[in-house]
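As they're listed, the protein sequences go chains L and F. Each number in the working numbering corresponds to the 1-based position in the first sequence with 36 added. Each number in the working numbering corresponds to the 1-based position in the second sequence with 1315 added.
Incorrect hints may appear among the rest.
Derived DMTMM-like pairs: lysine to aspartate or glutamate, alpha-carbon spacing no greater than 25 Å straight-line [claimed, not checked]:
| no. | chain 1 | residue 1 | chain 2 | residue 2 |
| --- | --- | --- | --- | --- |
| 1 | L | K812 | L | E567 |
| 2 | L | K1160 | L | E571 |
| 3 | L | K373 | L | D495 |
| 4 | L | K555 | L | E567 |
| 5 | L | K268 | F | E1348 |
| 6 | L | K325 | F | E1354 |
| 7 | L | K948 | L | E970 |
| 8 | L | K564 | F | E1362 |
| 9 | L | K564 | F | E1360 |
| 10 | L | K812 | L | E778 |
| 11 | L | K325 | F | E1377 |
| 12 | L | K812 | L | D479 |
| 13 | L | K223 | F | E1360 |
| 14 | L | K555 | L | D596 |
Derived DEER-like restraints, expressed as beta-carbon distance ranges [to be verified]:
| no. | chain 1 | residue 1 | chain 2 | residue 2 | range |
| --- | --- | --- | --- | --- | --- |
| 15 | F | N1357 | L | Q62 | 28 to 36 Å |
| 16 | F | N1357 | L | D546 | 36 to 44 Å |
| 17 | F | R1341 | L | G551 | 54 to 62 Å |
Residues from chain L that keep clear of chain F, each with C-beta distances beyond 12 Å, as calculated [as the list claims (entries may be wrong)]:
| no. | residue |
| --- | --- |
| 18 | Q62 |
| 19 | M449 |
| 20 | G821 |
| 21 | R850 |
| 22 | V1137 |
| 23 | E1191 |
| 24 | T1198 |
No lab work stands behind these hints: they were computed from the structure. Using N, Cα and C, we set each Cβ at its ideal position, and we do this for glycine too.
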Amino acid sequence: MAFTHLHVSTAFSAHYGVSWPEQLAQAAAADGADALACTDRDGLYGTIKHLRACMDAGLDPIVGVDLAVLEPAEALLNSSPATAPGSTGREQVRDSGLLQGRDTGREQLREAGRVVVLAHGGNRAAGYRALVRLISDAHEQRHPRSPVGVTVEQLAARAIDPQTLAPVLTVLVGPSSDVGLAMGGRKYLLPRRRFARWHRLMPAGTLAAEIVSHLSAPGDHLSTSSAVRMLKLATELGVPAVLTNAVRYCDSDGAATADVLDSARSLTPLTALAGPEPQLQPNGQGWLKTSRQMTDVAREIISAAGLGTAELTRLLASTEQVADRCRMDPVTDMGWKQPVVPEVSVIGIQHDPLTELTLRCEAGIGRRFPGISGTPERVMRARLQHELQIIDRLGFASYFLTVAEVSQMILDMGVRAAARGSGASSLVNYLIGISQVDPLRHDLIFERFLSRDRSTLPDIDIDVESAERHNVYSRIFERFGAERVTLMSMQNGYRARGAVRDAGLALGMDEDDVGTIAKQLWRFSARKFREAMAEKPELREFSDQVERSRGARTRHQQLDLLVDLTERLDRLPRHISMHPCGVILGDSTLLDRTPVQPSGLGLPMSQFDKHDMDPMGMLKLDVLGVRMQSAMAYALREVIRIHPSKAEVVEAGNHPVDEQGKGPSFISDDGRIELNAVPLDDEPTYELIRSTYTLGCFQIESPGQRELIGKLAPREFNDLIIDISLFRPGPMKSNMVKPFLENRHGFAPEVYPHPALKPALAETHGVTVFHEQVLKTFDIMTGCGLARADELRRALGNEAKEPAVEEYFRRTARTKGYALDVIDQVWDTLKSFGSFGFCKAHGAAFAVPTYQSAWLKAHHPEAFLAGLWEHDPGMYPRRLLVAEARRMGIPILPVDINASSGEYRVEWVLQKDGSKRLGIRMSLAGLYGLSGAELKRIVAAQPYDSLADFRTRAKVSRPAMKRLAQLGAFDSLHAAVKGRTGSSASRADMIAHLESLPSGAGNRRWDPMAGQLHLPLEDLELSNLQNRLPEPTMTEKVRTELDLLALDVSGHLMTSYQPLLEALGVTTSDKLLGLRSNTEVMVAGVRVATQTPPMRGGKRVVFISIDDGTGCIDATFFTEAQEKSGPLLFGTRMLLIRGLTRRTGPRGISLQALEAWDLSETATLPLPGNATGRPLAPELLTPGAFDGTSRTLAVTGFNG
Amino acid sequence: MGMFTQSVEVSCAQNGLPLRLEWQGRTYRLGAEPVRWYERRNWWEEESRAAAGAGAGLVDSEIWRVQARLDGQGPLLTFDLSRHVGSGRWRLIRLHDAQQQRTA
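Here chain F stands alone, though its shape is the one from the complex (with noise of 0.2 Å):
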């Protein structure tokens, strides 16, 4: 398993539902239904600043479990992405499977 946090670009569907990300210039399509949760962030040790009233985003982020495919065709992989609440920035932060060469 790869850790990353890396940007990546994703679409998304009218429901919010992820269709396909872009990451390192290629286009990965969704192959199963992605899975969703909340993971928490140890934010007082990566923010500076935790004012009242900053905003959502700040204690936990959005993770997107979601198996896909290299341009639509080759092995399904699984990529954990996460969402900022606050920014709606993605980023990738882990590659399941056998795809270690890849992260460097």
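This is chain L alone, in the form it adopts within the complex (with noise of 0.2 Å):
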């Protein structure tokens, strides 16, 4: 009989399993075993990957939890119940009763011990839904930092079904239990007592005591003897004894990672965890032991006893009867893929809803196709009858309202909401308001989104401003009920960074050693660490290092465990965290199918993640947080705030006027610009993002995006779409990039594979960019319809699939006449592209901001940049984006005590002529160490007309004002002083009388009593500073402004270093356009992006762009150049390179690099001076603005 383990973690108990429920469910198979349970730490988190598992593997699933049991305090574990002092003790617990126990102030619960509790199957979900309700019960927050678990009472209260009263959970109480751990000392009677009491509490046929052994030395936690003392109490009461192992990993090679996960666990080092108190795993046998091995076990426990086969025979027989109870049907006792969407009378619909969504859509056709007729009608009406026939087969009308409610629901909110995804593809999401592309005007299928092949709930995802997400959230739970909806979670999981930090921790290495290391570390994943000291040049000083260690008994021989760890930890899940855009919406029975927690929002969270949906039959929105939009949203409110007028907006945009000098109709008479019904077709528009200058635009920002840009020179809305679809690791790695540009520029004459393809292929002048274009491919070539079709696309790219998609596309494209030759080029392309192309609806989706964000660009930068600066939008640190400002000669205006708020706010500044312009207020929101109140009290009593009323009435903190001061933000005020009473003291003057005024509240000499009138005479305080202090330098200046606000403010940061510059002989962004391909220069700036993306060929390449104050400069390095820079690829702000022009389009021009230095090690520099051993001149040794400062990763976004 094959033997079924019942208690098993996988690795989605963070930090203490080690295996994936795949190899679980494998190695059980292979054993022959025909059932294994998921009993993860604390929820169900690797459950639906272990239903899938099995299924794959052909066993029946077993789920279960591993959850704290939680008592009052009193009721210590090694104090005796009976003698516990006061009177919460054992007769409480009794007399508390079963429902009541919920109540009992959990502030005073703790935790004592951990049980396995199985759900039972085969009773109509009736044991999952009792599972599912005890783990939310276990995570219930009665006040912050409440122990998660469950109190006997509880678990009694849930292990009987309300209706039957049929037990629907066992519990397992083992080692772990208040019994297993009461054993230690060789206690015999407080363990007694304490299974004595679970045996009163549960309800019959709930319990079962879990035997286990690890073979450990006599008498210690989880040995032979152990187990038989809970084998004999299990026996004296009468209650029934499984045998688990409980398992931490699938075989014995798993022991050390189950060492370092404790370690992370109690942020302990190993060495600390053995002794002298052991709190590790007393040895690694916690494995998935095979049949054969577990009777081994269970042969020594019975021996051990003093018993014989016929109880050995009793405790495995048992085990299979608590297990065969256990076995779930994914389909009848979990929900398996059975979709479950909101009742529709939640939205208030009384009928049928298909009959409600017809409705809509033929009211939508006259919103959205005014005055259509003809044959453009036909088609549209077809397409649509098309589209609700497939969505009433599935029953998916419901989806379809409730979908559109959501949406509604933010429009009503005033919050801006794109639809995403492949939801763009549909008609019926179209007319109902869910999408704003127009699917037949850019030609989408329909059946990329869904299709009557495709059962599963398809994807709608609607942005909305990041600023307004957390309330759109709200409002959806009040909207359908907290029963039935919830925010989704995601698995965090080790990545190289993480787990090198927690292997150093493990082994009880430095924190800043290790930290050292960690920041080496730059995008591979751990598993592949030692391969990555093999080859990446960044990585060659700790290569040596450990080779050095090697043979050395030395601390240091602890680097080669250190990566042998790391590898061990990589992908294992660390803890769940709300998704950042999933919420699930259910119908009243939701909270029976999933576990809830908390989330960091307050908002419940389940316990499942995205991979989970689909078989749990949830239906999922994204609603994502996009700060673009929130950009943008605030761009809108400044530009009607500054212009409250249409004519203003006009004048100010330069928007086009018609004959009686009328201004576009998307403009409203008050100023309000409505940016969804902006025409797709502005010239200005166009040039800007034709110029490449797209930094701060949605999705064409990146260093790889305006290079591309330049050399596709968008003319129109679709070109947008393109290129957005071809800036993707597919397109990119299968090299389809150069023969699409050759073609479109007319260098090549367009290919194509067969004349019956130029249809699908023509728009991208016969080169596969979309997913569209696939199915369109599949359709012409094997007339399999467009639904099979999409069926197609999805197996490409998956091993075991593929083989037979591709047997049916040659032999059915043979049959219907097409050249070997031709099916052999047109399966290439489709083999190296279908999986990884892009949905030409997601294309289309994207490009709207994407075009409405170059659109605010070009006529009302202010605003626009304003708007980025607050929500901070992009890719690139916030500083580029004032030096952005800086570049379009746009007034960057200081912080100032009256003018300043809490925004960043677009001002009119008199300029020197007389002429007025628009330029950006700094906001106080950035300044370091100012908090939230000292800001909301600076912006209520503004103006102040002294130091003295600043002080009165903003109470800011001593550190506070003198950062203000720094900041220069009292200028204006001592300005305004010096006008009147010719005082000529510096900034530096104030700074130093403000830190010589003693502390303290008593001091108010300056200050006005209370009830005295403030006279608006002379700021005493200013007016009396004295002259002895020069002015700040402008280099010191700009170093405050990067220490207090992480931006240079008053000039670009490189201005300081000059005369280095001059000497090294650099070039200046804006000057390489001018320059031929290929010359050779040197350039030299801060650090603003690094990325390495994925290349052909697999060779790395790094991507560094800096800015020198003129502009970006785009470096790439390929693998030499990365062998001369080494560490300074990573670990460096300020970068000189040296490197070859490469002319990338009319407007592009890029930078192959050959070398690279850090500017800040002035010795080390290719000066001349530095060859001949001659002492630098000393303007080049004087300290630049960045020099001594610590914000590196506000400043240039990295954390070199």
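With the hints as a guide, dock the two chains, each given alone in a separate frame, to form the complex.
See below:
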């Protein structure tokens, strides 16, 4: 008889389990088992993966959880309950009753061991429902930091089905329970009393004793002798005993990983965990032992207990009995793959949902296609009919109505929203207002979104303003009811940096040493650490260290271990967190189907992640907070604030006017711009895009995209769709971009594998770019229909399924008469691209905000940049967008105590020649160390007429006051005084004065007394300042700004390095375009972006972008340049780069790097003096603005 | 009690149970049923590598407590033997009872 493991933690028991559900299921099946349990700690985190793994391996899944048991703090484990002090000992526990138990004050509860809880199967989900609810109980937070767990009373209450009163859960009380833990020190009475309490409180048929032996030293935890005692207790009380191995890893090799996880969980090095009070597993025997090995363990226990074969048989048989009652049918017990959507009555629909959906589509026709008739109408109606039929067949009408409801609700909140994803392929979505893209106009295929062959719920994604996302979530909870909504979670696994840190912790290594190593790990998986050490130049030094440490028996011998342990941790889940956008919608049974726990947001979060949605039939709505939407919403508000009428907006934005001088209709009379109504053919917008000065624009600001934009030179909206779809790993990897561009610019003739494919591929000049084209290609060459074509497309790239697709494609295309070479050629394209490509509907949906952001930058750059600074949406550090304003000639206005608010505001500036223009005022919000309350007080009491006035009414801390002075926030007050009194004191004098004031609240010498009217005469404090110190230099000011704002405001930070740059002979960004291709130049700047995209052929290429004040320079480091630059690649803030110019298009130029230096290491730079050994001129050694600041991450976006 | 780490030769029966051991040129025969358990090793101090998939025996070793007599006669001595799970090599790690003079 095969043995069934009933206590198994998978890797989804964070910081505990080692092996993945697939590994465990495969191993169990290989050993001949026909069932396997998954009992992760604290939740069902790995359960759905376990279900799938069991189904694939032909096992019956068993589902459970490993939970802490809570009890009143007074009834401590090691004190005998009978003699426990106070009145809340055993008696109260007994008297509190089953149902009242939930209301005992949780703050007095503490953990008393752990038990395994298994759900019974074959009872139409009653067992699974009880398990789910129990786990949600365990996570309910009565107060912050209350422990996760349940009381025995809660367990007892859930173990019986409330309707049938049948047992639906089995609790395994084993070595980690209060009973098992009480066995330490060979006590006899306490464990017996504890076990008797379980026996008394748990309903009949819901309790079993868990017998475990890891064959540890006699008397130790998990020893055979302890197992014997547990077995005897069970026999004595007539409780069934089950044998488990409390599994944490699939095979014995995982034991060391489990040790490291124990260390990471407790944040304690292994040595400290090993003794003097051992907290690690006693040995490495907790693997998924074979049936034979488990029988040996059982035999050893039985023999040590002095029992015989009959008892051995009974122990193994009772294990299988419990296993049998816990076998789950994924479909009837857990609702496998059965889509559940909210009851339509919730959204106020009483009749048939399909009728309602049809009515709403009809209503939408008038709105979306006014005056449509003739052939276009026939085409449109046929499409609508087609979509509605499929929706009807799948029974998804209520799903569409639900999404439409959410989408309408968001718009009613006044929040910017845009549909994203393949939902844009649906005419129904367009008609009922979910999406804003006309699928007929852009030739989008419905089957890419939904088809009769695809029974899973389709994804509809909605982008909203990031700043409003939480409000939107709360409204969805309100609208549908808390019992139908929960947030989706996501698993966060170990990546290289986290893994090396925790491996270092386990080994007790110095935190800084490990930190230094961690910083060099850049975008590779921890599993390949050793491989990376051999290949990556930035790891060369570390690799040498490891090499040197070998043999030498020093502390450094740990480095080799560090690498091994890091690799072991790779990808293991660390914790779950709220998914950035997933909201799960269900009917009133949702919380019977997924356990929930608190999220950081206060709203409940499901323990299931995105991979679990489809199997569990859950409807997930992606409501993604997009900062760019917030930035654009902010920009539109700034436009109307500064230009409160249509005429002013038209003038400021240089918008087109008609013959009567009237501006466009998307601007309303009060100056409000309806961004979604802006026509998609604005020439200045495309001009801006073609200029490649697209920093800040959605999707097209990255170095790679700026290069592609420069080559592609978009002229119309469809070009933007193509551009966005091309800039994906797939097309970049399969080298489609080059032929596409050559055909587009007419350098090479368009080539079609077969004339029949021309209609499908013409829009992209014969190159396959979109999923939609893959579908059409399949359909044209095999006649399979679009629905089938999408199934075929999904199988591409799947090792198991692709051969069948190829066979089908070749055979059918051959029967349809296509030549072999045509078939070969087309198959190669499909194969290399099909799985990677981009759905055109995605591209179209993305291109809308791309166009809108470029439109704002072209017409209202000040408001747009203010929005970007405010919401910081892009990939770059904010300072680069400040530099962009400087490049565009937009005045950047310093922090000012009267003019600055908590936001970046657009402001009119009077120029020297008397004219006005728009500038952007620095916000107080970014100021280091200024609290939210201080900021509010400052803004509320504006304006101020003196330092004393400010001190009295704004009441900021002394350090904050000084920082404001350092930034020049009082300079305007000071300047006014200077103008009146002729005082010539400097900003430095003011700072010195503020520092000289005695601290403490008692000092009010300069402050008016209470009740005294503050006379707006002179600021005595400022006018009495003595002129002692010189005004801070520009370099000093910029350094202060970098330290306090992480921005260079007064000037570009590179300006201070001018003498050095001249001595080095560097070329600036704005001059590069005038150079021939292949010119050797030196460039220098501050790092703004670092990327290592996947490349064709597997060779790594590093892109580093630097900003020198005149623009960005994008440098490409190929293998040789990486070798030469070594640790500089990822470790430096300011770079000097020698390289060759590479012209990429009419407006594009980039740099192929040959070598790089750290600009702050003056002695290593290729200066003439350094070669001859002569001392350098002093001005070359003067520290620049960036020297001595610590805000590296915020300034460069890189924590090198 | 003496603490050791010395190689010993152990002969086992077919079922894996030790029968006799050779230590310091002498043979000891088992005189009672041996007890076996698995004991943790502080592998992170003792090893310089712990590569994934390196195999069994990293985290624990098999310990046998055997009682044996010199040449099958004399007093029963209690030995703790460790067997490396990977290599199968035996070591004497503890010798109980009044045999301290022999540990030098």
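Do the hints match the structure? See the list:
{"no.": "1", "hint": "L:K812 / L:E567", "verdict": "violated, 42 Å"}
{"no.": "2", "hint": "L:K1160 / L:E571", "verdict": "holds, 13 Å"}
{"no.": "3", "hint": "L:K373 / L:D495", "verdict": "holds, 15 Å"}
{"no.": "4", "hint": "L:K555 / L:E567", "verdict": "holds, 17 Å"}
{"no.": "5", "hint": "L:K268 / F:E1348", "verdict": "holds, 23 Å"}
{"no.": "6", "hint": "L:K325 / F:E1354", "verdict": "holds, 18 Å"}
{"no.": "7", "hint": "L:K948 / L:E970", "verdict": "violated, 34 Å"}
{"no.": "8", "hint": "L:K564 / F:E1362", "verdict": "holds, 21 Å"}
{"no.": "9", "hint": "L:K564 / F:E1360", "verdict": "holds, 24 Å"}
{"no.": "10", "hint": "L:K812 / L:E778", "verdict": "holds, 24 Å"}
{"no.": "11", "hint": "L:K325 / F:E1377", "verdict": "holds, 16 Å"}
{"no.": "12", "hint": "L:K812 / L:D479", "verdict": "holds, 11 Å"}
{"no.": "13", "hint": "L:K223 / F:E1360", "verdict": "violated, 34 Å"}
{"no.": "14", "hint": "L:K555 / L:D596", "verdict": "holds, 18 Å"}
{"no.": "15", "hint": "F:N1357 / L:Q62: 28 to 36 Å", "verdict": "holds, 32 Å"}
{"no.": "16", "hint": "F:N1357 / L:D546: 36 to 44 Å", "verdict": "violated, 20 Å"}
{"no.": "17", "hint": "F:R1341 / L:G551: 54 to 62 Å", "verdict": "holds, 56 Å"}
{"no.": "18", "hint": "Q62", "verdict": "holds, 16 Å"}
{"no.": "19", "hint": "M449", "verdict": "holds, 51 Å"}
{"no.": "20", "hint": "G821", "verdict": "holds, 47 Å"}
{"no.": "21", "hint": "R850", "verdict": "holds, 46 Å"}
{"no.": "22", "hint": "V1137", "verdict": "holds, 29 Å"}
{"no.": "23", "hint": "E1191", "verdict": "holds, 36 Å"}
{"no.": "24", "hint": "T1198", "verdict": "holds, 41 Å"}
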